[in-house]
Amino acid sequence: MNELPLLSLLVALPWFGALLLWLWPKAPVRGLAFIFCASTLVLGVIAAAGFDPTRTGYQWTERHAWIPSLRIDYHLGLDGMSLLLVLLTGVVSPVALATVLRRLESPRLAALLFLLLQGAALGVFVALDFFPWFICWEFSLVPAFFLIKGWGGAGAGRAAYTFVVTTLAGSAGLLLAFAALYAATGTMNFVDLAQLQAEGRLPGLLTAVGAGVPTLAFVGALVGLAVKAPLFPLHTWMPATYAEAPPGVALFLTAVMSKMGVYGFFRILWVLFPADLRVHADLLLLLALGGAVLGAMAALRQTDVRRMLAYSSLNHVSYCLVALFAAAAGVKGHEVAVEAALSGALVQAFNHGLSASALFVCAAALESRAGGSREFARFGGVRAVAPVLAGMSGVALFSSLGLPGLNGFVGEFLIFRGVFGLAPWAAVVGTVGLLATALFLLTFWQRVFHGPPAGAAAGPFPDLDRGEIAVLLPLCVLMIVLGVAPGLITPWINPLVTGWAATLPMP
Amino acid sequence: MTLSASLLWLIPATPLAASVFGLFAPRTARTLPIAGALLGLVAALGLSVAALAGALVDPAVRATSDFAWFTFGAQTLRLGWLLDPLAGFMCVLVTLIGLLVALFSTAYLRHDPRIGRFFGFLSLFVAAMLGLLVTNSLLLLFICWELVGLASYLLIGFWYERPAAAAAAKKAFITTRIGDLGFLIGLVWLHQATGSALFHDGGAGALDAPTLARLSSTLLPGGWAVSTAIGLLLFVGAAGKSGQFPLHVWLPDAMEGPTPVSALIHAATMVAAGVFLMARVFPLMAADQGLATVPFHALTGVAVIGAVTALLGAVLAVAQNDIKRVLAYSTVSQLGYMMLAIGVGSWVAAVFHLITHAFFKALLFLGAGSVIDATHHEQDLRRLGGLAGRMRVTFATFALGTGALMGLPFVFSGFWSKEAILHAAEGWTVSHLPFAAGLVGVVLTAFYMTRLVLEVFFGKARGEGAAHAEESPGLMRGPLVVLAVAAVGLGWLGLPNWPWLQTRLQGGDWPVHGLGEGFGLMVVSTALVLLGIGAGWWWYGRVKRTDARALDPLARSWPAVHAALAGRLWLDELYAATVGRAFAMLARVAAFFDRWVWGGAVEAAGRTAETVGQVNRAVDEDGLNAGFDNTSEHLRGSGRRYAKAQTGDAQSYLRVVAIGLAVVGVLLLWGGVR
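Residue numbers (the numbering used here), protein chains in the order written: chain A, 1 to 507; chain B, 1 to 674.
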């Protein structure tokens, strides 16, 4: 245990910032909000600096008895996956906050809500007991709901409602799963449960509660996480939400909150239910592939920039899940493929966060110059009038379609390397998604950026201003740097991935 | 001075640095980006010559220098650089042609406000191609391969305000990406099967003999060797990049880019990549050759596709009216010859032809550029004519390039490299069809080039542009002359009785033939060239076109054939109607299902839950609340939370969560204080 409660600070500082904004009506809102928002990146870097990448297990742990009668602990900790996602949150949050607050006349409430959301997401990534984890998981919906409803587009009310209700329905499953786990084991601590699973006692304990209980617990957790990630076909809340939410919030939803789902798949399903995952791997793989391929196909039909990006996110996150499910069914002799798939899933989760953020910022820039319209038809020839916007969104776009040299390729290569070794047919089918992704992104690019200036671009169409460049430039630099040197982030997850591959019960 | 393998990265790095410099220079800058690009290319050329010199000291030696890229799990991905004569010759070729094209472009694009950007993209293009040439890793090769695709996308769509250019750029990227998906699968399969991303790795690399023996002896269901499958997948990638049937459709459309870009794409930097890849991984492609049991050999597929492409490209070139399109289909055809050569087992002949073709095709495209520039962007050969007298240097050099492309005997480089291919095809034991296709292609090549030269340079000017054309400036004529010298002379490096180039490429002995052995074939192919020229003269030379609107003579003789050829055999339309429509249909179905079926199902489920929730709440509040009021707070809090979680009752659920959070906050503060 460390002296400095770093992770508590990490989660609490954004919330503290929100509290300050609430209690101090005359606060310099933007300055204050950005300081607390950026605290995540600072603390994340400190955590990374003090993180020993050669060690498996959790670091920077804090554990205190919380509700002893229920054996609930206040337990935080960081492994490579958490670290990666904390850093992603650290990078993305200021971008999202800047996009949310841009041109807002009274930014106080929005900033307050955003900081609450940010803290909740961080809580999910570092909590190691289901109780605090689930509180953060659920609580994140509250600020997200109000942000979407309050600052979104015309259909935002309905979208926010669908978003919250669908996610809540999923959460009911999660709650059910952990109720079953608690009933069986008397603990909801991830580490303790993982230990029981490692000792091979967990399935037996669950069966002891009732015959259907193991399945119930697995399916419950699966549904809860599947809605969040989302796993096809539970993604239907997504297009409308991403389209109607304010761009900064949509950005945070896809970059960070979808990763809460991916994170949960690893932290809960992968660790606690490996046998069930293996049994259902083929079906789940098929669903994830459906998300990857049909998501990209559906994106081809969209003419709304943000709906297209929503399906693009479905496509990219689905590749993470394809890798996870393929790895779950891994067999002996294919350990390298399992390692590749798992590394690919985590790297892809991180990289998608970067490129999707940049794309949403660019979408926001386009919208704000076209009176809020997001239709392709309202644009044309933007590259000629706004070359900086074109250049930066070009980097994000090619990163998104997996161009080598940019970050997106690394995850995709690892995923295909792994999945091909484990389920060759899935890799082959998955390439159709890659093709469709290139097709819809370049079609979007062609219609909006190429050709003679038309629509909004025919009128006064200023290029990116300094604020927008300041937001996009770090993302673009990161996309290039991590494309050339993925070794900057992979060491954190390598021991974790190797450990997962080693403990996978392979026949 | 020679360049060691550990410094090979400098060759792509210099143009890459120039590219970064050019792309970050102020948008209106002209001189600095141009100077940077030229400097980068000169430096890269110098380094390439040094590298080649080093490689030629002992052609049998492969110098490698590897490095770790990153580690996933417990596996370290190693990439590396490789220097052998193949890489050395190709680097010199690419940098030399790149430099000449860049010089030409300074004049050709002198009026373009974005010329600085152009040179940035051009440097990127060359840098990516050079990286592809000197790598010791299929993965690094793939990375550079895709960057070549990116640069070509940017350059083909350089005039992006023009919808046709934007569409052509997308088409090129997407069509080659279809091939790249095959490449990607082949790549991951190879890594899976060998555990190494390197070509040569002290026996463990993908092209080292022990690995090849393993790959060819591992059989798949159906009796196929693993090496056959991987080889064919890599060939799919090569087919996309090198314009092989059925993925050739992007290449003619790529004409929408500025003409110097076409010269580069068709000569050195883009289409050459596929042929180079096949040459590089030839040991893998040929690994299944010794096996009598496998049902199919990888190289057979290459030979068949190459032969079909050689013939198809030549046929389609016959009826094009755009000067650049004629040349584009000619490239398709010539690339088919190269693949044919690889398929029949002679990658050395393929690379020989790749080198000679690069020079004379760059010459022809730059010559076309000179014509287009002088005639104020007239590309339709029906409205050209009579330029031989007005543009003497352009005509003379274009004529030399034409001689090389047709393969006029003994003098021209194209003759010797084409002879090498035909000779190899003649000796192929599997089938004589590729050889026959090659011979027919020779007639057609001579025919369409005769037509092109007659229409563009002879007769009278049939358009305003042609009537007032003047010879192009010195910066454009200079590269033409240099390329013309190479187009004539380069063939002498690989004579059958003095195979200097072949011996070096092979890195070992190459059979030396007297000129007598292949003499019969030379006579036959010369006769075929003359036949093609004669036929061209018959249709287009006896009576020269006087009116731009006059019907093509071939269309008068054989209207149906001409219509089919002018319509490019409707292959583009066929793709649009089949693959394109299927894809669009799938997209429509996906979007429909998404909106109405999945969406509807989830919506219905949500509605049901909502209704249940409301009923439950009614029961809850009216029926049970009174009783619950008297029970303890603890029971109520936890019990109802579980119950409501399953009802989807959003508001009260949120309330519980909010209260829970408040509790957490208090506890946290309390814990912190303590």
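Simulated from the structure, these hints should not be mistaken for laboratory data.
There's no promise every hint is true.
Unchecked claim - Not close to chain A: a few residues of chain B, all C-beta gaps over 12 Å, as computed:
hint, residue
1, Ala53
2, Thr76
3, Thr106
4, Leu139
5, Leu140
6, Gly149
7, Pro163
8, Ala169
9, Ile185
10, Gln192
11, Ala197
12, Gly290
13, Arg390
14, Val524
15, Trp538
16, Ala548
Claimed, not checked - The calculated lysine to aspartate or glutamate pairs, modelled on DMTMM-like cross-linking and capped at a C-alpha distance of 25 Å, are:
hint, chain 1, residue 1, chain 2, residue 2
17, B, Lys171, A, Asp276
18, B, Lys171, B, Glu161
19, A, Lys332, A, Glu375
20, B, Lys171, A, Glu105
21, B, Lys544, B, Glu464
22, A, Lys149, A, Glu199
For every residue, glycine included, the Cβ atom is placed at its ideal position computed from N, Cα and C.
Note to self: Hint compliance check: list the failing hint numbers for this structure, sorted ascending.
What the structure shows: 2, 4, 5, 6, 7, 8, 9, 10, 11, 17, 19, 20 and 22
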